[in-house]
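Produce the complete structure using the sequences and hints provided.
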Amino acid sequence: MKENTAKRCSKTACLHLTTSVNSCYTSQWKLVSAGFGSWFDQNGLLQFERKARGGLLLLKLSDVCLFLTGPYAKLLLTAMKSSGCEVLKERHFSCEDCDGTVSGGFDAASSQIVLCQNNIHQQSHMNRVVAHELIHAFDHCRAHVDWFNNYRHLACSEIRAANLSGDCSFVSEVFRLNFGLKQHQQECVRGRALRSILAVRKITREEAEKLVDSVFDSCFNDHAPFGRIPHSKKDAKFAHRDYANRDRYYANL
Amino acid sequence: PPRACDTYWSEFWHCKSLVNRFHHYYTYGTTPSCHQWKEDYYNCREWEKSRSTETKEALQRSERKRVAEQKNFDPVWELRCEPPKDWNLPLNQDNTEDS
Chain A
1 MKENTAKRCS KTACLHLTTS VNSCYTSQWK LVSAGFGSWF DQNGLLQFER KARGGLLLLK
61 LSDVCLFLTG PYAKLLLTAM KSSGCEVLKE RHFSCEDCDG TVSGGFDAAS SQIVLCQNNI
121 HQQSHMNRVV AHELIHAFDH CRAHVDWFNN YRHLACSEIR AANLSGDCSF VSEVFRLNFG
181 LKQHQQECVR GRALRSILAV RKITREEAEK LVDSVFDSCF NDHAPFGRIP HSKKDAKFAH
241 RDYANRDRYY ANL
Chain B
1 PPRACDTYWS EFWHCKSLVN RFHHYYTYGT TPSCHQWKED YYNCREWEKS RSTETKEALQ
61 RSERKRVAEQ KNFDPVWELR CEPPKDWNLP LNQDNTEDS
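Chains as they are written, first to last, in our numbering: chain A, 1 to 253; chain B, 1 to 99.
In case anyone wonders, no lab produced these hints; they're calculated from the structure.
Check before you lean on any hint, since a few could be wrong.
What the hints assert, rightly or not - Below, a list of computed lysine-lysine pairs in the PhoX-like style, where the Cα atoms sit at most 20 angstroms apart:
1. B/K38 x B/K65
2. B/K38 x B/K49
3. A/K234 x B/K16
4. B/K38 x B/K56
5. B/K16 x B/K38
6. A/K74 x A/K89
7. A/K182 x B/K16
8. A/K233 x A/K74
9. A/K237 x A/K74
10. A/K233 x B/K16
11. A/K89 x B/K85
12. A/K237 x B/K16
13. A/K234 x B/K38
14. A/K237 x A/K81
15. A/K234 x A/K74
16. B/K85 x A/K81
Said to hold, decoys possible - Pulled from the structure, derived: some chain A residues nowhere near chain B, Cβ distances all over 10 angstroms:
17. F67
18. L68
19. K74
20. D97
21. D99
22. T101
23. N118
24. H125
25. A131
26. F148
27. N149
28. L194
29. R195
30. L198
31. E206
32. A208
None of the values given here were measured: they were computed from a predicted structure.
Backbone N, C-alpha and C define an ideal beta-carbon position, used for all residues, glycine too.
Structure representation (structure tokens):
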């Protein structure tokens, strides 16, 4: 296990800052959710070095923008704004260099979505990472999620994020050489939620499996704010249409 | 009506589409049931013509059933009444030396 050591601010990540944030600094932060290749401190919590902090890389700003204008993100962002959590690119997104193979994470302490710029190389991958982390942010916004102490809450959010973000789409799974068909989405969601939990919490595989099993039925069927699992752009478009008309809908029930 | 009549029609055709049937099978291992969307569409059109109570109630029953199905799970967490207080707080910055 590596020790946490404060590292000097890396200037390279700051070279392309597009916002007015000029200073770089390092701090310890606790990742709520992450991929793989991370490490744990003596308290069993994932520790990460934030090598630089600031605005978004010029390149990544446009990549994020491209995703945020699509129907999927539009619904999520509208729902978050309605709940009082307006997402501002400059405040709630951060592109940083990460260790290991982590693609991104949601930092509940600072209410930021971190994108690991050194591990994301394709727009489609970035879209999925942003979608995944936005689900965590949405859950943080609308519910009392105890990220650090209640592992059931963590498991639930991971199940939802894997289920609703496209992480477990047929195509994504095929690219991972997982060729499942009948009910494979559920198998994939279980597996990815399990891996995400094991990456950020120091528990055994058996304990993690029990956790996922205990909340799976509830969380797999919680499709908020979409009302359905958005498999395709059309699903996302229809979900957005339903959300935009929700006042009329509930008034006429 | 809760949705525009055209919405029911587009949902019906989307439900029946090959792509949606594939996704449903991939997720649930079964083919989706789409006839209710068609029924709702006809009830919607009928209500627009005749404003009959029967069609209105049929439509409302169908939609309430959809809402109940969507909420058919025990939530794991407690929903908030207000957003997190620190969502929009400015980021704290501890300046350190540049390398």
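Hint by hint, work out which the structure violates, then give me just those numbers in ascending order. When the structure is compared with the hints, none of them turns out to be violated.
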